[in-house]
Each structure stands twice: as C-alpha cells, then as structure tokens.
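Using the sequences and the hints, build the whole thing.
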Amino acid sequence: MTDKNKYRDKFPDKNPDGTNIIDLESHKFIKVWQGPQHPGITGNMSLELIVQGDEIMKCTTHVGYLHRGFEKLMERRTFIQCFPLVCRIAVPEPDFNEYCFAATIEELAGIKIPEAAEWMRTLLLEMARLTSFMMWMGGQTGAFGLGLPGQWLNYGRDLMLDRFEEISGGRIYHMHILPGGVRGLLPDGWEGRMEDTLKKLEGIMSDVNKTMFTNAVFKKRSVGLGYIDPTWVDKYGIVGPNARAAGIPKDVRKDYPYLKYSELDFDVITATDSDAYTRADLRRKEIHLSIDLIRQMMAKMPKSGEYMAKVPNVLHWKIPKGETYIRSECTRGEYGFYTVTDGSGFPRRINVRGPSYTHAVALMEKLAIDCNIADTAGLMVSLHTYPPEIER
Amino acid sequence: MKELLKDIKKRYDISMIVHQRPDEVFATVNKEEAVALITHLRDHEGFTHLVLLTAVDWLEDGKFQLTYLLNNDAKRNDLGLRVMIDREEATMESIHHLWEQAATYQRELKEMFGIDFPGSPRVNESFILEGWHDIPPYRRDFDTKKYSEETYFPRPGRVTHDPAEYMKKKLYPEE
Amino acid sequence: MSMKDLEKRTVTGPDGEQFEVDPMQDYFCQETPQVHKPSNRIWEKFLNWARAESLWILGFGTGCGAIEMRPLMTPRFDAYRYGIQWRPTPRQSNLFIIGGYMSVKTLKRAIRSYEQMQGPKFVVGLGSCTINGGMYWDSYNTINRLDHYLPVDVYIAGCMPRPESLLAGFEELKKLIKAGKAEGQNLYAENFEWYKKNQKQIIKDWDMPDYNW
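Chains as they are written, first to last, in our numbering: chain W, 757 to 1148; chain H, 21 to 195; chain C, 90 to 302.
Since the hints were made in silico from the structure, they are not lab data. Do not rely on the hints blindly, as some may be mistaken.
Restraint ranges, calculated between C-beta atoms of paired labels, are given here [what the hints assert, rightly or not]:
#1 C:Pro177 to W:Gln808: 46 to 52 Å
#2 H:Asp163 to W:Glu1062: 39 to 45 Å
#3 C:Val110 to H:Arg175: 43 to 49 Å
#4 W:Ser962 to H:Asn50: 58 to 64 Å
The calculated BS3-like cross-link candidates involving lysine-lysine, where the alpha carbons are at most 27 Å apart (straight line), are [to be verified]:
#5 H:Lys83 to W:Lys1077
#6 H:Lys166 to C:Lys293
#7 C:Lys97 to H:Lys165
#8 W:Lys956 to W:Lys991
#9 W:Lys1077 to H:Lys29
#10 W:Lys975 to W:Lys784
#11 W:Lys814 to W:Lys787
#12 W:Lys1077 to H:Lys165
#13 H:Lys166 to C:Lys286
#14 W:Lys1016 to W:Lys1066
#15 W:Lys1056 to W:Lys1041
#16 W:Lys1074 to H:Lys188
#17 H:Lys165 to C:Lys286
#18 W:Lys991 to H:Lys51
#19 W:Lys784 to C:Lys97
#20 C:Lys270 to C:Lys286
#21 H:Lys95 to W:Lys1010
#22 W:Lys1059 to W:Lys1010
#23 C:Lys126 to C:Lys293
Since the structure is predicted, the reported quantities are computational estimates derived from the model, not experimental observations. Beta carbons are placed, not taken as given, at the ideal position from N, Cα and C, and that holds for glycine.
Here's what the structure looks like:
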C-alpha cells in the first residue's frame, strides 16, 4: 500500500461519490484484462482492470463464460430428469444443489423423508463442505505464491473423495440425494475408514497451520487486504464467512435449522476486522468444526432403516401449484433454490441463488480499488467466489 | 408474521397471501405500490436482506411475475412479494438505490427476460450472453432445442425416448 | 477490443507526438497457418519421442473438467513424472485440454489461445460434452460438436473422467504422437477456411483478426 499523501497530486481526481475519474485517452491509464485464461482466477471469469502504474483504479467483472442456461433446460425436463442436471451448477460442492432441489420438490409435493435419510443428507453436506474448504485453502495459498500447502490439501481432499466414492459411486458428482430421500446408507466398515481419514486430515491441517498462518509472506500480503466494513453486510447482501469475519453472526445452520443440525452441538464462529488473513483463519476454524461435526454425526446417526419415502411414479409425477424457497449453508454462504410449479409434470421456474452473485460482481468491484495487480488474485480467492453459480 | 401482514394491509393493497411455512409468506402487491412497500419493509420492519429478485413467465396470462424475496434476519422471517407486470411492455421501477446487488439482478433480468428497469446503472450492458440477436432466451416462447439444432451442428445418431411411452412399450408390448 | 481498435489510425503519444499505427499489420500475422511437413524418418522419430514425453498443458480451465485436473498435480496421481506440466501462457504450451462443455463466449477465447500456441500442438477433448454436447445438448449457449471448431486428437469420455482415465488418455495421445499420426495442427491448416466458416457462424461479434498468431 503506497503512501498516498506524498504523491497526491499525481493521482487522478475523484468524482463526488468517491470513484476515480478515468480518462483513457490521456495515456496515464492502461486497461489490463485478467482474463479467462489465467492461473490466478477461480474458475472461468474475467476482470477488466484499469490501472495506473501498479494500482487499480477501476475493476469490472465479466461473467458468462460458463452459462449453460440451466434454468431454461430444467423447464424442459421432468422432475426426475432434472435431478442429474442439478448437481453440476456449483461444481466443487455439488451436494448442496441436490439437497436444495430435493427439499423444494418435497415441500411442494408434501413428502416427508425418513430419519435415516435426514442424517445421511446432513453427513453428505458436511463432507462436501470439508472438501470444498480444503480446495479453497489450497487455492488461497497458491494465489499468494506458496505452492506446497496446496499440494497437501488437495491430497487430503482426494482422501475424502474416496469416502464419497464408497457411498455413492462417483468422485465429484454424487447424485445421491434425490427427491424422497437418499439412494443408500453407509456401507460396512465405512466409519472406521472415515476415522482414519479424519486423523490424516488433522495431521495435514496442523502442517498447514505452521506453514501458512505463521508465514511472513502470507501475513504481509494478506493482512489489510480487502477489508469489509460491517455496515456493508446488509447493503451488499454479503453472506457466509465473509460476513462472519466482519462480526455479524449469519449462519443458516443455526438461524434456520434444517435437516439434523438442531441436534448437533456447535457454535457459530465469528471474528472481528474482516480482511483476507482473518477470513482465512476463520475458514481454518470451520474446517476443524466440520471434522468435529462429522464425528458427532457418525456417533449419533442410525445405522439402518428406511431411507426412501414413498414417491409417486416418477414418470407421471405432477406437483400442485405453488412456490417456495429453501436455503442451505454452503461453504460460501447462503445457497438457495426458488422453485415455482404449476401443476404439470415440469417445473415452471427454478432460480438458483448463489452467494457469489453479490460477492464477485458488486463487492469485488468495490474492494479491488487501490489494490496491486499482484494482489487481485488473492483478493478474489479470499472472497471465495465460484463463477458457475453466478451465471448458471 | 400475522401482525406484520395486518399492519401492511392497512396501508398497502396486498392480495393472494400464501403461508408456505410458519416463517415464510408470499403475497402479491400492485406494481405502483411495490417499491414504496419494499422501502417501508427495509427501513421500518427490519427486512434488510434482499435474497433474490427473479421473474417467472406466465405466458398463458400474458404477464411476468417479478418476485422480490426479502429476509428479516433478526426475526428469521421471509417475505416474498409478487409483482405482476405486463408481458408486452415489461418495465418496472428500479430498486438499485436500496441495495447494491439489485443492479446486477436487474441487468440479468433485462438481458434474459427483456424486462426494463429504467435508471439502473449499466442495465443495457450484456451480462451473460455475447452477441445475442434473438429474443430474450428465458421467455417461454423461445424454443431452445430448435435453436440448438439449427445453430450448433448436432452429432447424428441421438435418439430420444419419451420415458412413459418407452416403459409402456417395454412392459406391455401387446397394447 | 472492438473492430475500431483494429483499424489504421493516427494516435497521440503521452508527450504529444503523433504517429501512425496499423494494428493488423504491426501486431498480428497476415498469413494463414502453414502445413508442417515431417523431416526425414529417423530424425522425425526422435522429435516425436521428444514431443510425446514433454506435453505441456495450457492452464485454461474451460469448464467442469478443470476440477479433475487439480488432483493430477498432487503426488497421488502425479502427472509430472510423465513430463506433463501446466503452463500459464499459450506460447509455452503444446497441449490444450478442453475440459467439458464450451459456451460461445469461451469458444472465442479458446480459439484465440489455440492459435497463439506454437506448433506442433494437440487438443484433447475431455468429457462427453465435447463429443456430442453431453447433457447440455439442447442448450442455446453450448456447442455440440467440438471438432467442427478445433481439431481434436483424442477424446476422453466420462462425466467427469477419473484422473486415471485422464492418464490413460495421455498414454493414447503419446502413442499417436510417436506413430506420427497426431495431425490435428495440419488438419487445421489445410481446412482453415472450413473451420473459420464454422467459427464465424456461431460467434456473431467477431472482433479479432482471422488468425491470431
């Protein structure tokens, strides 16, 4: 961060509302694209930066590289045909899409799912949170130039994906949560293998703690980067760890308890002074919390029982007219599905509300001002944005 | 939520109230009073979080339904406001001065549905699609399968079965 | 970039001096790609072996496939022992992995990246969406057949293919290269007009030169 007062006359003037006055013809500014083909971007999104020297004066987010038109495709498919399509909306944590879709359909159709299915769903969601946080942390250190924690963490994530594969058969897209329940319960001996995996993950996390959070380079680059004021949380609609790091305790698992979270014992983690370092620290504590919740669940959940409720013939399933909104807490914040049905066999409109919609577009454009070009990648990763859910 | 609805009914004209869950209510409000009601809810009733702003296309009635989903975090309540606007001339007042992310939602609706929000910043810039010259794609009269088959070269050999017909033929071949 | 930036015009420098600039002439190549003929047999065999054992991948995560490329870098599936690395710039890479579906916006950037790569270069299509459109076959924004826009050497089917499938696909590609049959780049140069016609048919606002070398 430069000492602005010394060189005040060399910087551009400001508009009344605080934005910089940019004159591209005056050759003092250069337009740089941190475009889609870039190793420092999470996913496939681009930032159009107008820089003066090394400082960013204006940032514009461009999305749309991953648009597949999900909401239009889902209007052409029956409810059971939508179910394999849904998990590909937010690629790194697919179970939340499946859960929200199944929960809206069940609420509108009036189906109640059995106990064992609810426990199984909670377990899958916490495991998905854990894998996503591990990948995120690898990305955050990679954005600042530390390569090694990323390799450890992705190895740990691979071990978790093995456990997913034993339950559902697929590493990335599980398709295990469907309207009416789940596709199956835990196989034999799974708890023992999961406990081994959790112990290995804790070993990895203690190594990462030493190399990442006591690292002079990481601290110097991330402290003070991307400071979020608590008053912006409502104005910009910030959710998830970004809001919790600013001091506002927003957690969907505690505020609107869904599935079996009301029977588990945990506290909402908050911090004060939200900058990139604090957010990384908060997410590290969330990883430990997820490991603890998985252990609690494995002790409490029923090992056998009914896991699928009685649903009508899926080929002729017509759901009465209605609309609803279901939310869940994914790694980035509040993830929700708004579904409208009209009495036919096809959904009328399904809208996906992803937290990156606000974080990557409105908030990023505000936070990137006065940043170095080298730090924008770190800033974007610390807001934990995934482009697929912005443009679906 | 019931006292809140009684309060609002005294001053604004809301109808078609549906209590979906104990903490979630949907209600329809007129187009002219919508922004005033939303401002009142944000400033005086504690609905400070805009969850989403989306549109539903009711082609048969010739209307778009805009849904504003607001959330009161202190009392854990959700309120969904439906605003019905005309499908041929789809415009609505902008709420970008209330929340910053509303400008992004409005940009997407303009591009995908063709609903105009005059005054919203950068509402005419393309957000998701590039070089799109057809009608707004999320409208129900846009046939995406026909567009895909004509524009992108499909690989021959794809056969589609209607699942009900296929199972009927397999299980009861005589009929 | 818009078409206005590509025209010939006079600009004023920061110190007031005026000079003429012609971007199409100065910054971009005017010729179309040439077919690369192999040299004599033994030397070409050695070159093919060298190319196969050092495939450097362009780091461009175009779609869902990018998520199964990250485990390849970890010691568990270790692509580095095959000589495969990820490079951040197209000028230093010779393998382009198209991971999954391609929207029209990404296709434009992918063509630009592909044409900037130095030959001999290869393209691998990952996932079913490159073969026939996959589960987004009726979407208005994703392409259905990748080989009408870019020449593909190997397809790896799956949704998502496991990292072991990816390594098997790389083995297949190496066999093709060593046999001298990985001719994607020459196919692109020979049928350049056909590929360009297909690309321009779906990319409606074309604001790049025809050949982005």
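Structure-based check of all given hints:
Restraint check, Pro177 of chain C to Gln808 of chain W: a C-beta distance of roughly 25 Å breaks the suggested window 46 to 52 Å. For the pair Asp163 of chain H and Glu1062 of chain W, the supplied restraint of 39 to 45 Å holds, since their beta-carbon distance comes to about 42 Å. A hinted range of 43 to 49 Å for the beta carbons of Val110 of chain C and Arg175 of chain H is consistent with their spacing of about 44 Å. For Ser962 of chain W paired with Asn50 of chain H, a C-beta distance near 60 Å keeps the hint of 58 to 64 Å intact.
Proximity of Lys83 of chain H to Lys1077 of chain W is assessed by CA-CA distance (about 17 Å); at most 27 Å being required, the pair is judged to hold. For the hint linking Lys166 of chain H to Lys293 of chain C, the alpha-carbon distance of about 18 Å falls within 27 Å, and the restraint holds. With a CA separation close to 42 Å, the supplied pair Lys97 of chain C and Lys165 of chain H exceeds the 27 Å bound. Between Lys956 of chain W and Lys991 of chain W the alpha-carbon distance is near 41 Å, which puts this suggested pair outside the 27 Å criterion.
For the hint linking Lys1077 of chain W to Lys29 of chain H, the alpha-carbon distance of about 25 Å falls within 27 Å, and the restraint holds. This hinted pair does not check out: Lys975 of chain W and Lys784 of chain W have alpha carbons roughly 32 Å apart, beyond 27 Å. Between Lys814 of chain W and Lys787 of chain W, the direct Cα distance comes to roughly 9 Å. Compliance with the 27 Å bound is thereby established for this hinted pair. A distance of roughly 26 Å separates the Cα atoms of Lys1077 of chain W and Lys165 of chain H; the hinted pair therefore holds under the 27 Å criterion.
Distance restraint check for Lys166 of chain H and Lys286 of chain C: the Cα-Cα separation of roughly 21 Å lies within the 27 Å cut-off, and the hinted pair is therefore satisfied. In summary, the hint linking Lys1016 of chain W to Lys1066 of chain W is supported, as the alpha carbons are separated by about 21 Å, within the 27 Å threshold. For the hint linking Lys1056 of chain W to Lys1041 of chain W, the alpha-carbon distance of about 23 Å falls within 27 Å, and the restraint holds. Proximity of Lys1074 of chain W to Lys188 of chain H is assessed by CA-CA distance (about 18 Å); at most 27 Å being required, the pair is judged to hold.
For the hint pairing Lys165 of chain H with Lys286 of chain C, the CA-to-CA distance comes to about 23 Å; that is within 27 Å, so the pair holds. Distance check on the hinted pair: Lys991 of chain W and Lys51 of chain H sit about 24 Å apart at the alpha-carbon level, within 27 Å; holds. With a CA separation close to 22 Å, the supplied pair Lys784 of chain W and Lys97 of chain C stays within the 27 Å bound. For the hint pairing Lys270 of chain C with Lys286 of chain C, the CA-to-CA distance comes to about 26 Å; that is within 27 Å, so the pair holds.
At most 27 Å may separate the alpha-carbon atoms for a hinted pair to count; Lys95 of chain H and Lys1010 of chain W meet this at roughly 13 Å. In summary, the hint linking Lys1059 of chain W to Lys1010 of chain W is supported, as the alpha carbons are separated by about 25 Å, within the 27 Å threshold. Straight-line distance between C-alpha atoms of Lys126 of chain C and Lys293 of chain C comes to about 34 Å, which puts the hinted pair past the 27 Å bound.
In summary, the structure is inconsistent with hints 1, 7, 8, 10 and 23 from the numbered list given earlier, while agreeing with the others.
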